[in-house]
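**Student:** Here is what each chain is made of, one letter per residue.
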Amino acid sequence: MHRYIPHTQEEINEMLKEIGVNSIEDLYVSVPKTIEDYNLENGKDEFSVKKELLSLNKKNKVFEPENIFAGAGIYFHYIPSVVETLANNQRFVTAYTPYQAEVSQGTLQALFEYQTMMCELTAMEVANSSMYDGATALAEAMLMAARINGKSKMLIASSINPEYLQTSKTYCTPQNIEIQKIKWTENGTLDVNDLKNKIDDNTSAVVVGYPNFFGIIEDLKSIKETLPENVIFIVVSEPISLSILEAPGKLGADIVVGEGQALGITPNFGGPGIGFFTTLQKFVRKMPGRIIGETKDIEGKKGYVMILQTREQHIRRAKATSNICSNHALMALINAIYMSAMGPKGLKKVAKMSYNASHYLAKKLEEKGYHLIFNGPFFNEFLFNAGENYYEKWKKMSENGILGPLPLGKSMPFFKNVALACCTEVNTKESIDNLLKHF
Amino acid sequence: MHRYIPHTQEEINEMLKEIGVNSIEDLYVSVPKTIEDYNLENGKDEFSVKKELLSLNKKNKVFEPENIFAGAGIYFHYIPSVVETLANNQRFVTAYTPYQAEVSQGTLQALFEYQTMMCELTAMEVANSSMYDGATALAEAMLMAARINGKSKMLIASSINPEYLQTSKTYCTPQNIEIQKIKWTENGTLDVNDLKNKIDDNTSAVVVGYPNFFGIIEDLKSIKETLPENVIFIVVSEPISLSILEAPGKLGADIVVGEGQALGITPNFGGPGIGFFTTLQKFVRKMPGRIIGETKDIEGKKGYVMILQTREQHIRRAKATSNICSNHALMALINAIYMSAMGPKGLKKVAKMSYNASHYLAKKLEEKGYHLIFNGPFFNEFLFNAGENYYEKWKKMSENGILGPLPLGKSMPFFKNVALACCTEVNTKESIDNLLKHF
Amino acid sequence: MTIFEISKPNRIGFELPENNIEDFELNIPEHLIRKEQPNLPQVSELDIVRHYTNLAAKNYAVDVGFYPLGSCTMKYNPKINEKIANFEGFSMIHPFQPHETTQGALKLMFELKEMLCEITGMEDMTLIPSAGAHGELTGMLIARAYHLSKGDTKRTKAIVPDSAHGTNPASARMAGFEVIEIKSGPDGRVDLEELNKALDENVAVLMLTNPNTLGLFEKDILKISEMVHEKGALLYYDGANLNALLGRTRPGDMGFDIVHLNLHKTFSTPHGMGGPGSGPVGVKKHLAKFLPIPEVIKEDDKYKLNYNKPDSIGFIRSYYGNFSVLVKAYAYIKTMGNDGLKKVGQMAILNANYLRKKVEKIMDIAYPGFCMHEFVSTCEKFTKETGVKALDIAKRLLDYGVHAPTMYFPLIVHEDFMIEPTETESKDSLDKFAEILAKIFDEARENPDFVKNAPYNTPVKRLDDVLASRKPVFKFDFGK
Amino acid sequence: MTIFEISKPNRIGFELPENNIEDFELNIPEHLIRKEQPNLPQVSELDIVRHYTNLAAKNYAVDVGFYPLGSCTMKYNPKINEKIANFEGFSMIHPFQPHETTQGALKLMFELKEMLCEITGMEDMTLIPSAGAHGELTGMLIARAYHLSKGDTKRTKAIVPDSAHGTNPASARMAGFEVIEIKSGPDGRVDLEELNKALDENVAVLMLTNPNTLGLFEKDILKISEMVHEKGALLYYDGANLNALLGRTRPGDMGFDIVHLNLHKTFSTPHGMGGPGSGPVGVKKHLAKFLPIPEVIKEDDKYKLNYNKPDSIGFIRSYYGNFSVLVKAYAYIKTMGNDGLKKVGQMAILNANYLRKKVEKIMDIAYPGFCMHEFVSTCEKFTKETGVKALDIAKRLLDYGVHAPTMYFPLIVHEDFMIEPTETESKDSLDKFAEILAKIFDEARENPDFVKNAPYNTPVKRLDDVLASRKPVFKFDFGK
Ligand SMILES: Cc1ncc(COP(=O)(O)O)c(C=O)c1O
Ligand SMILES: Cc1ncc(COP(=O)(O)O)c(C=O)c1O
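Chains as they are written, first to last, in the numbering used here: chain A, 1 to 439; chain B, 1 to 439; chain C, 1 to 480; chain D, 1 to 480.
For the record, the hints were derived by calculation from the structure and aren't laboratory data.
One side only, chain A facing chain C, incomplete, derived with CB under 7 Å:
no., residue
1, HIS2
2, GLN109
3, THR170
4, LEU406
No residue lacks a Cβ here, since even glycine has one placed at the ideal position from N, Cα and C.
One chain only, chain A, in its complex shape:
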């Protein structure tokens, strides 16, 4: 029949006989036949398919990581080879959601450990076992805030990743939740005065990036100080930066979300990455997503299961905290393996090398007369004025094997000729010096 379909003609005959019909056609009771054939080619052997996809693959340009200076939410980092080897284990990849906990302890323990690591990184009390990405994690965080305090106004830093902002709008609008943007200062940080002006009784949550989309490190402490008691403080963070930056949990965050791609996941043209989602224990029943907890078996042995499922759609249906069902569990595993490999020291080294590289680039650009847009402290990304026709220049660079700092003008017209530069530990001094030749 087919290598993916085991039936032999004899078996088909036996099965039909057992069912008591003459043909498969007989089983399609009242299912109209509306097609004879799809307008598709017939199937192919795997070698031909592989060849076809290899040729598509070759139509994409793979830059040497050291020559990549693009970030904006997706980062190139060194990924230890054990990550791929271990996460590719068929018993992880082809396993289903751990509904049968007794035969899913691998999944469950790995996710429990992932949750622990995310709590450690953010200094929060609870993490779920994944969301789709950073943007939906933020959107769901806002919905959660509204559930917690019943208010419907979200104040969000304009310096947040624009796709996150847009996604949040999409999610909030049908719930009649209003989103107001807060300005940035010339430092690139949140304008606390603007925030103060806009906070009112109906304010549910305040959202800032840490670092924000411009790479600037927001002063969470002073923002927190301006917030009334029951306003939820949502921080969108970048996990690598958190081994250098004080943990949001220590600075008053109520919910910390973000994109976890940087933790060992290949860029994948933007997906799948993973949304991480952490909060405080007191809010856990309002939290979206799957949570793994520790328990015991009937002999007292430690084990892991999905917990607090009454929040979820398969039990609570329309009243669930979210509709999320399939999540990004495999990516959570990758995150966990990556963090296990790097440990606190490795992660800190990655962060510090990224910091150094981006500051080196910034310094050199300034020496060449380019101006940084903001003078606030930044982690590994920064905005600078890249000069006339930067977009064309950027495309030229790409022909020379460099994925240069991203031009923002196309999507953010007020940032015409402004570029968002990013460095990580994969960029070398040579590669940066080489980039600088194009400026």
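Take the given structure of chain A and dock chains B, C and D with the ligands to it, following the hints.
**Tutor:** What follows is chains B, C and D with the ligands alone, placed relative to chain A:
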């Protein structure tokens, strides 16, 4: 310390304390210190090592398989992707020899099944679980023949793979076993008259290739008919061909050996491949190599163990049937997975497509006025007169992305300007037509 | 043992190349500099390898055995597709590279969109949603946008049958609708009268899956479509059960306006312990302008992303979706092709009906008649007699090396198993399952307590779910 | 279940692209055409995937846990090296491609040869042998050729200590030598008097490993070397135990003339259930011309293969050795480097001595004093008292998820365990092993029969080796 060496300084201290010494130096009792440092670079991170090896890797030219017309014992075939995925399982790759059978049933069953498949393919009664390669398998087969009948003259077809012949000489000489070559006829088959002339009372075995090194299919039946009762008939075979050719076991072979690389193993610049080794049950105690057998556990459940170990070096020491210890078990697994995927039909199709492709090439070459050296029946390789300066032409072709038929003149001066052409199912009509443009 | 217990201070599992760049002092306000390092594992590479290899060994998976999970379509996940998705030209590209450098990726998405339109009978498609539920939300937001675009603000309700998957009502609500649940008829299908009662001019959309979660084909689908459209509402198709329709009919042909697919079901991408999946949404032409941003377009043989869609529901996540998953689905469709997909549908239905026939001898089948890709059986009577619940039977199945079917869903059947064999299981596999199931019922009859305490041969014995949620432990306790 | 029992006629697991070539009728004598197809499996791709995935699950492996296998150096096999060996430029090249197209591969071999010379203190090296035993044969053939080249035909004997690995005498004999076994001294080392007695002008070579298989350093090695060379014989080094010497001393410095290495031990290439390995052979200058054919050479920055070696022992196999294994070893040496290799030696010895100290509390240590990379312990007394043998203890270890040590080897100790922890095991891993071992001895004291029937938690219970060899079943019986 190092990512491959887990010790922390604290642990080292505790361990030294437990041992009761002050330093590691103290443990080197009377081991002279003859080096301070190796004249080697210091160690490197994995990304740098990978980069270095990627660049070495790039210095090797990978031809498109369809443009490869070289065989001579190593063949390019389609390898289903499941082969790589499954054989790369860490529980196969990093397992040791199955000395502890109870925790090695995966290995043992897979090898038992491999043995079964090799017996099926050759129509022999026993297979061992692997030798290093085809050449050593043949050499050991000769030693085995001598053990069986106590005679010391081997008659070997001159048309055998020359490296196999040379290896056999290396193995036989110290045992005072003499090797005499038998001529080929103008068909490229064994000269049975020459054989008859050379057979004498001291003849231990007769060795022929099936197909032989020139791709010619020897008539095993008529050779067998000329052999006195107790002369061992050793056949060196190519496993893919055996789904078209009558099994040597049905034509009187006593020992069938060969190279199993064609069964799903990548060419690997010649190694590792695998030597397969099959014989008749009556000879099994003279056989070299590890054999897996079926047995039962104490509850009567079926299981597998290494059997007849008293033949082997770890028990029999100087009197063992061979010195082989580590073998090519992982390659046997790959063979087994490949044969499972292809099945009898797939294997036959591979063989037939190879047959067709090589006969198409031969036909076209003849149409162009090139002469085949032999007119005997061939499987998927043949010799032809490739014309003046073929060696230079061959190198030119390689610059054009074609690995053309192998020029034999360099290693076999009497075959000046003769080339050994090979086709398999990976060669397409287009690629053959394209090759022909160079002739 | 957790990885945290294996950890030893100063043990390392990483290394990084030096980049020769000078060390910059942190130019960050002191209070924003991290003081205490996170308690992440400090382990050697071998520690990591063993930890995760041993964890994997505790997992059941498609590559290990049969997963008769109804509504989940746990078919074989081809290995070649995994390899292809890992090609560097797919995995190592940045979403914001110049389009000129990602033509292969964009082409793949464009063609996948077209192929999925062909298979569903829809006219446009977005590949962005990350999972089925995300697709549902997207689809329902499109429904919302559609009515609002016509100035129709009173359509606040979404109708969902009581047999629907939990994500349906949850997604409808997230899209801002009030959810109206309608009872299924005695034949397990939509009760037209109930539907008629619920359908008014405040209804925006009816969400259905067809075949429904009971594995039954809604044979009145054309009538339903008519009723829904007559009232100005839209018809939404939950594509989780598309496998059954392959090669026979298409949601678009049945009158559906919006369809979401689960590439991680019908199109064989692996589940990865729960994700990532992908939930493309297809629509009929009149809804195309509402599809989310960005859209992959083709202009003069060049592929581009269009962000300029003024009527769109907007962004529903970052970037373009779960691209690696799309690659696998694309490879799958190319592999199966027209002829292969037809076989898939047929064999899926054959398998389900055959297994149904076998299970019928052991359990009650919830609804009569041939099923499509799955069926629901119940042991409600047996439970009453013996005290042995579907859950117990399920746990005992684990002992025999089979995964348990979906249980206690759909909610309208009790003590039930929802069983979907998929086309990739062999007759032997189904026979073995039926044999084991019969054996367990025998065991349960003879010794109910034995089955109630199952499983026995699993890495842990039966786990205490109640304790786990009553005194939740969310993370490893480093205090220990 | 075997794959043959899963098989169904006409089920398929393969597919091949068509090559558009006309079909040629078989132009082969009828009696040479196969009539009956071999009974190979006929299975679907999923059948194959499950079969081999489930088989793998029944295996212990380095990636699963500790392998205290003396004489085997079961260290961590780095994952990166596997990936590197699979680069197409290494795996998809034909041995007979023009040299111009394989400069990377040849360079790698040339450099590996040089690095291994540096590490062993030898002056030339061949990478061709496929395993340790193959290297031994090669080395012994070189010894043979050396003496014959001097016209010395009477050197027909090879001396091997009774503690030697079985391959040593077997290889010596395959190289045509008569094997003279000499008894070890009471301290487990070569007895100089015994050696002296055996050493005459008919001796071609003395085979040693140092440290020897008891983990003891032959402290008189310089003296031994002198004695051997004085008699005109050669000194052969079995490199299986090189791990202990790394960073400290080199066989070449100790007077050895010929050395074989096991890349699958010291240099971390995986064992693959028993192979493939690689057994390079290094020699001092005066023996270089005897090395096997071909040899990798460098001429004006080009790498070539030299087949023109008139004094060579000849070919010992086809092509150039197990190239993929060489790639892994090369990557390993690059990774560890000078500093890393030094640590390897030190930590290997530290681990062995630490574990020795721990085991000492449970079993008798066969020989006093510090050990090198391994040590031998024995429970001979305990066996006499309780009837519980080393084998039983070993089987019980399996129940606790640890592999058993090497047993009943070397032959001069009885009821023994030869334990080699390697440098990649952590202190925790060793502590845990000692703890389990102690526990098993307690169990054995309390309930000898319990331990004698171990294992209990393994995929099968204790297997009947005797039956297996008495009534051997060599292959699956299709008659069933
Ligand atoms: C009928 C049905 N609808 C929707 C979903 C939700 O899909 P996902 O888990 O991808 O969000 C599922 C998956 O379980 C399903 O079975
Ligand atoms: C001391 C010693 N010598 C030689 C060998 C033989 O090596 P191989 O198995 O690679 O042939 C071994 C391997 O077990 C060994 O331990």
